[in-house]
Amino acid sequence: MGATHLPSTEFEGTAVDDQLEAEAEARLGSPAEPMVQLLAPDGTLGTDPQFSAYADRLDAEKLRGFYADMAKIRRFDLEATALQRQGQLSLWVPLTGQEGAQIGSGRASQPQDYIFPTYREHGVALTRNVDLAELLRQFRGVSNGGWNPKDTNFHLYTLVLAAQTPHAVGYAMGIQRDQKLAAAAAGTAADRPAEPKAAVMVYFGDGASSEGDVHESMVFASSYNAPVVFFCQNNHWAISVPSSVQTRIPLSNRAKGYGFPGIRVDGNDVIAVHAVTEWALEHAREGNGPVLIEAFTYRVGAHTTADDPTKYRESSEETLWRAKDPLDRLEKYLRAQGLADDAFFARVKADGDELAAYVRKTTRSLETPDIRTAFANTYVEAHPLVAEELAWFEEYSAGFVEETDPAGVRNDDAATGAVR
Amino acid sequence: MTTMTIAKAINEGLRATLDNNPRTLLMGEDIGALGGVYRVTDGLLAEFGEDRVVDTPLAESGIIGTAIGLALRGYLPVCEIQFDGFVFPGFNQITTQLAKMHSRSNGNLAVPVVIRIPYGGGIGSIEHHSESPEALFAHTPGLRIITPSNAHDAYWMIRQAVECQDPVIFFEPKRRYWLKGEVDTESPGASADPFKAHVLREGTDATVVAYGPLVPVALAAADAAAEDGHSIEVIDLRSISPIDFDTVTASVSKTGRLVVAHEAPTFGGIGGEIAARISERAFLSLEAPVIRVGGFHMPYPVAKVEEDYLPGIDRILEALDRSLAY
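If you're matching them up, the sequences are chains U and W in order. Residue 420 is where the first sequence ends in our numbering, and the numbering goes up by one at each step. Residue 326 is where the second sequence ends in our numbering, and the numbering goes up by one at each step.
For reference, chain U alone in the conformation it holds in the complex (with noise of 0.2 Å):
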């Protein structure tokens, strides 16, 4: 590829450009639109409203959790760039850029609540306690999957865009349907102790914000009052093209259109993602019905490894984002107000090395699924197609077991020097 887009660790705080600033509004069609924002790019915490409440609840720890959490996933995102460059992995989908967003709204998140991720979610899945090495079997070829969504509440992620919005459209209203079987339930066992409420969050990009999914599943929402946070990453670019060429107003007005909030945050603002989504959830799991969150946010990186930004904008659009960067305003917010200190820095840059290194060394061992898995895999119960088709694999593959070496090497590996 051409030039390497490596996300960096360390963001300049390079003056912001008036004009710049002005030109990449002026493309949202709406320059004025109000946004949540409680923490600023200075590190000064301001208020608002409705959401500064939330944001009151959190403790100095939680606040050094939020940091520690990005931290961990720009270094993590740092190490999967690195390891797809060295060919260790097909294609990496980096995050930076949008720690503030995924940690702040993954971390508002309860255990009950069930996340619809696309595929850029690697902050949220680390709020959910995913195995990050597992995160990366999709990314090497060795599943489509990776993880069992079952033990986390986080789905695999999604490759066609917005296809899992209706999914988590259907989840809500199972949970829906839940409450009133469980209440039902309730009326001949008193004595079982309630469910917690739970809702669904599910996210989506603002290029997908176009694809019909994305509406048809904001009709259901609304028409059954379901459960359901949409979460849009407004990252401002799908692959190549701008936001505005997917919407000419804020994606987040696009939300009255089904009778429902919608509020656009500060996407690099952690706290105000943070405050934002656990009203949403909330709301949503109090029987409330949908909210739309648009995080205003920005992919400092490539769409993805295979990608070049440098072909369709300007490096200055970059250092206007990094200017804005969601660490660095909680790490100038915690060292101000006395929350953290150089030992807490250097034990979070501590804890990301470590996990780069496992990461590393967990990569290179994830196992190469053997293709009966997938012959398995195809059909939950038995089907005589596939049933032929493995038996006739098998026997096909026991004439090769024939001609293998006393070292068990197979000979078609041993010429091409094939790595098992």
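No wet-lab data here; the hints were simulated from the structure. Since the model is a prediction, treat every value here as computed from it, not as a measurement. Beta carbons: idealized from backbone N, C-alpha and C, even for Gly. Wrong hints could be hidden among the right ones.
As the list claims (entries may be wrong) - Straight-line C-alpha distance at most 20 Å; calculated EDC-like pairs for lysine to aspartate or glutamate:
id, chain 1, residue 1, chain 2, residue 2
1, U, LYS332, U, ASP42
2, W, LYS196, U, GLU388
3, W, LYS196, W, GLU273
4, U, LYS180, W, GLU50
5, W, LYS196, U, GLU389
6, W, LYS180, W, ASP205
7, U, LYS62, U, GLU388
8, U, LYS150, U, ASP131
9, W, LYS180, W, GLU163
10, U, LYS180, W, ASP51
11, U, LYS180, W, GLU273
12, U, LYS361, U, GLU134
13, U, LYS180, U, ASP42
14, W, LYS254, W, ASP244
15, U, LYS180, W, ASP55
16, U, LYS62, U, ASP342
17, W, LYS196, W, ASP244
18, W, LYS196, U, GLU381
19, U, LYS150, U, GLU134
20, U, LYS197, W, ASP51
21, U, LYS180, W, GLU47
Stated by the list, open to error - Short derived list, chain U residues pointing at chain W, Cβ under 8 Å:
id, residue
22, ALA183
23, ALA186
24, GLU216
25, ILE371
26, HIS383
As the list claims (entries may be wrong) - The following label-pair restraints were derived from C-beta to C-beta distances:
id, chain 1, residue 1, chain 2, residue 2, range
27, U, ASP351, W, ASN108, 28 to 38 Å
28, U, ALA398, W, GLY43, 34 to 44 Å
29, U, LYS180, W, VAL37, 39 to 49 Å
30, W, ASN108, U, ALA82, 26 to 36 Å
31, U, TYR396, W, VAL37, 45 to 55 Å
32, U, ALA306, W, GLN165, 15 to 25 Å
Once you've looked at the hints, dock chain W against the given chain U.
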């Protein structure tokens, strides 16, 4: 034994599944108060309520997509697509999501969604209301496709589709909805396995394989051929994916001749797949090439000429004549 139409048999089968399992639910356009445009869900809303019989927005991708989500939450959704030609807005959800979920989750997730689709022509309808898109789905691993041809099968096969842990597309022969038959709601009898083909009529000279709406046509053709002294075996395929090749192979091994009939275009169709498999399995038994009788390579034609398009008794007899002439 009760006599009922195919539409009523499906209705009764759905009622039984709703009765048996509180996690079964129906969803689709106009399936509630109206009872569906073919009245297949008639009365079920009143009996089971709007959480179990869900009138959906007019959005096929949304219907299939939300059904997938409900299945992930442990429900057993049965979706109705109003007409064959309207399934395509949901095609993406069916082929990229529903069919692959079990596989891509490495077996951790199952999505037991049933999709009911009235299909086929012969009702004099307007565009997009008479198509037979089964081959498009049969080409997608992960799906199962079944289609009843009589009321007893209709009752049991819809119940079996709901019980199946894999996604099932249930094609309903719409021009046979009002065909009456005996239904034993106590026992499936020979219909215990929905993926097994049935030999409906035994014969020695040639085999005709058909499914869904063409089964009565194939039986009538066999009657006509008998008047000319030909003994024709008729197989109701019942399952389009998987296909019960054992039953077809056994029949062809006996008769040596095979005609496959379906309404869908022959090119790239189910008949071609059966012809290929049978040529591999019973090559030395074949006295003639496998002959396909089906739709032409054209969009489904206007209603006034559909009789020229649809395989009827004479088209099947003509194919049998060609086969028997070898």
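Checklist entry - Which hints from the list above does the structure break, by number from lowest to highest? => result 6, 7, 9, 11, 13, 22, 23, 25, 28, 29 and 32
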